[in-house]
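A.B. asks: Below, each chain spelled out in residue letters.
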Amino acid sequence: MSVVQIENLTKDFLVGFWRKRRVRALDNLNLTVEPGEIFGFLGPNGAGKTTTLKIMMTLLRPTSGSVRILGEPAASAAMRRRIGYLPENPYFYDYLTAEEMLTYVGRLYGIRRPALRRKVGELLETVGLAEQARVQLRKFSKGMTQRIGIAQAIINDPEAVFLDEPMSGLDPLGRRDVRRIITGLREKGVTVFFSSHILPDVEALCDRVAILHKGRLRETGALHEILQVKIEGHEIILARVSAETRAGLAALCDEIRPMGDRLHLRAADAGRLEAVLARALAGGAELISVNPVRASLEEYFFREVAAEVPRP
Amino acid sequence: MLYSLILFALVMTVSSIALGQLTLGYERKVIVDLGLSAISIFGTLIAIFIGIGLVHKELERRTVYALLSKPVRRHEFILGKYLGLLATLSVNVAVMTVGLWLSMLYQGGIEPAGYARILPAVYLIFLSLALTTALALVFSAFSTPALSALFTLFLWIAGHFNYDLLEFAATSRTAAMRRFFQALYYLVPNFSNFTSIDSRNVIQSAAYAQPVDWTAVGWTTVYGLVYSGALLALAVAVFSRRDFK
Numbered sequence: 007m008s009v010v011q012i013e014n015l016t017k018d019f020l021v022g023f024w025r026k027r028r029v030r031a032l033d034n035l036n037l038t039v040e041p042g043e044i045f046g047f048l049g050p051n052g053a054g055k056t057t058t059l060k061i062m063m064t065l066l067r068p069t070s071g072s073v074r075i076l077g078e079p080a081a082s083a084a085m086r087r088r089i090g091y092l093p094e095n096p097y098f099y100d101y102l103t104a105e106e107m108l109t110y111v112g113r114l115y116g117i118r119r120p121a122l123r124r125k126v127g128e129l130l131e132t133v134g135l136a137e138q139a140r141v142q143l144r145k146f147s148k149g150m151t152q153r154i155g156i157a158q159a160i161i162n163d164p165e166a167v168f169l170d171e172p173m174s175g176l177d178p179l180g181r182r183d184v185r186r187i188i189t190g191l192r193e194k195g196v197t198v199f200f201s202s203h204i205l206p207d208v209e210a211l212c213d214r215v216a217i218l219h220k221g222r223l224r225e226t227g228a229l230h231e232i233l234q235v236k237i238e239g240h241e242i243i244l245a246r247v248s249a250e251t252r253a254g255l256a257a258l259c260d261e262i263r264p265m266g267d268r269l270h271l272r273a274a275d276a277g278r279l280e281a282v283l284a285r286a287l288a289g290g291a292e293l294i295s296v297n298p299v300r301a302s303l304e305e306y307f308f309r310e311v312a313a314e315v316p317r318p
Numbered sequence: 002m003l004y005s006l007i008l009f010a011l012v013m014t015v016s017s018i019a020l021g022q023l024t025l026g027y028e029r030k031v032i033v034d035l036g037l038s039a040i041s042i043f044g045t046l047i048a049i050f051i052g053i054g055l056v057h058k059e060l061e062r063r064t065v066y067a068l069l070s071k072p073v074r075r076h077e078f079i080l081g082k083y084l085g086l087l088a089t090l091s092v093n094v095a096v097m098t099v100g101l102w103l104s105m106l107y108q109g110g111i112e113p114a115g116y117a118r119i120l121p122a123v124y125l126i127f128l129s130l131a132l133t134t135a136l137a138l139v140f141s142a143f144s145t146p147a148l149s150a151l152f153t154l155f156l157w158i159a160g161h162f163n164y165d166l167l168e169f170a171a172t173s174r175t176a177a178m179r180r181f182f183q184a185l186y187y188l189v190p191n192f193s194n195f196t197s198i199d200s201r202n203v204i205q206s207a208a209y210a211q212p213v214d215w216t217a218v219g220w221t222t223v224y225g226l227v228y229s230g231a232l233l234a235l236a237v238a239v240f241s242r243r244d245f246k
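The listed protein sequences derive, respectively, from chains A and B. Each residue of the first sequence is one higher than the last, beginning at 7 in our numbering. Each residue of the second sequence is one higher than the last, beginning at 2 in our numbering.
Simulated from the structure, these hints should not be mistaken for lab results. Do not rely on the hints blindly, as some may be mistaken.
Claimed, not checked - Each computed DSS-like pair below joins lysine-lysine, with the alpha-carbon atoms no more than 25 angstroms apart: (1) A/K148 - B/K246; (2) B/K58 - A/K145; (3) B/K246 - B/K58; (4) B/K246 - A/K220.
As the list claims (entries may be wrong) - Computed footprint of chain B on chain A; a stretch qualifies when at least three of its residues, placed anywhere within it, have a C-beta under 8 angstroms from a C-beta of chain B: (5) 75 to 86; (6) 193 to 199.
Unchecked claim - One side only, chain A facing chain B, incomplete, derived with CB under 7 angstroms: (7) Y91; (8) L114; (9) A274.
Positions of the beta carbon are idealized from the N, C-alpha and C atoms, including for glycine.
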């Protein structure tokens, strides 16, 4: 059974005051997320990521289509006991302390007092807020609010967690901590669905991604599959290359650049790779490494999607 | 809430001292009437101005996103908000009632049973506050605080002059106007029902005190509960259909 099953999901918003017109935020979205995977939901601002997450959390009503989470309709309160959600730019009650806030959320899930006290302590430790347990949330920085937001999303030991831009507002240290929490969740078998535009994080964490643009699904699949297709040749690193060999190699490869006492070369296809390697080894050069050059997710994203986004 | 209690204490203290010097023979009546009116007005101000922000503040600050993704149904959210404000109002009314008793004690000349006889009046005031809160909550479920305050205040004032609508209906020239005013009479909450008990029940000695009409209190209770229930159902229906963009 899929953890998330989205079928033909469409959402129209009515905009304008007098003459209302329809704007399609989501267009016939189909998506499944399997148990135990970390699923990245990518797209530029306005792509429909938050809209999708809000429909999943029943904060928005779909125009058409359906969402099932853990095999149940999105509106099921029983199902919501088994999931966690972090909204984008979360806000919580200002005058509660971090400890009070988590206790309040824990009680919404029906967690009983002694277990809850222990759980709140552990969570504050996990998200690095143990020292701020008794500080009111209004005194929290954006990063600290994000951390307490993650804590409230996982207080019920959920089977699936939905995080809307969990890295936003965090410094590099905070991002590393969130990455650690997410991988920790995967180790426990929790399915993680998160939207992000911080691509290196998605690349480092996700098993599968979906790329959304203008409300439409552009691509979905295992990250290595999406990127594998886009292999753009090989990078060869050589050492101890004589001037004569170097001149010969320059004619064979697509790019050549010295870096310190080494030489970095790029061969666009397998034929050139073979020719470069043969020439280099015949010329007595030392082969340091040969690596396939894949488009990073970031490069892929910008090439495929950003080209269509008008610049401000 | 604290400010309203401080203001109430100030009003009652100043008027208790001033009345001793200004009015001749009517001090007890005035202090009880003033106290009951103050409980009603301060309570109404809290019911309206906190009531209208109950839902809107959650939407504006987006705290509702995290809350409604938990196993909390939308009707539970609305009912929780309502009962929470009623609990606040009950504390407020209780403290103000004690304040009124202290003013009566300071004034003197009221027999002990008179202190208990303000309780039915306070009970009806509390019922009217429950109705006002439900009214504010309905508007709060779909409108801005400023508009909600305006609508609630308008209906609260109109509700105190509800019987005039019957007069208008009776004197209307056309049948359409008559039906319009009659419909308004039944639609607008009748707040004058809740002010049927006043100082006459309290300040007279037991022999002369106007007896409490418990049947009227019973019907007013039924009216208050049914009207508030209908308003809450409406608030839930409106809130359940809302999109949180």
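A.B. asks: Take the hints in turn and mark each one as holding or not.
C.D. replies: Now for the hints, and whether the structure bears them out:
1. A/K148 - B/K246: holds, 21 angstroms
2. B/K58 - A/K145: Holds, at about 19 angstroms.
3. B/K246 - B/K58: holds, 15 angstroms
4. B/K246 - A/K220: Given pair B/K246, A/K220 holds - Cα atoms ~17 angstroms apart, limit 25 angstroms.
5. 75 to 86: This one holds; 3 residues, not fewer than the three required, reach chain B with a Cβ under 8 angstroms.
6. 193 to 199: violated (count 0)
7. Y91: holds, 4 angstroms
8. L114: Holds, about 5 angstroms.
9. A274: violated, 48 angstroms
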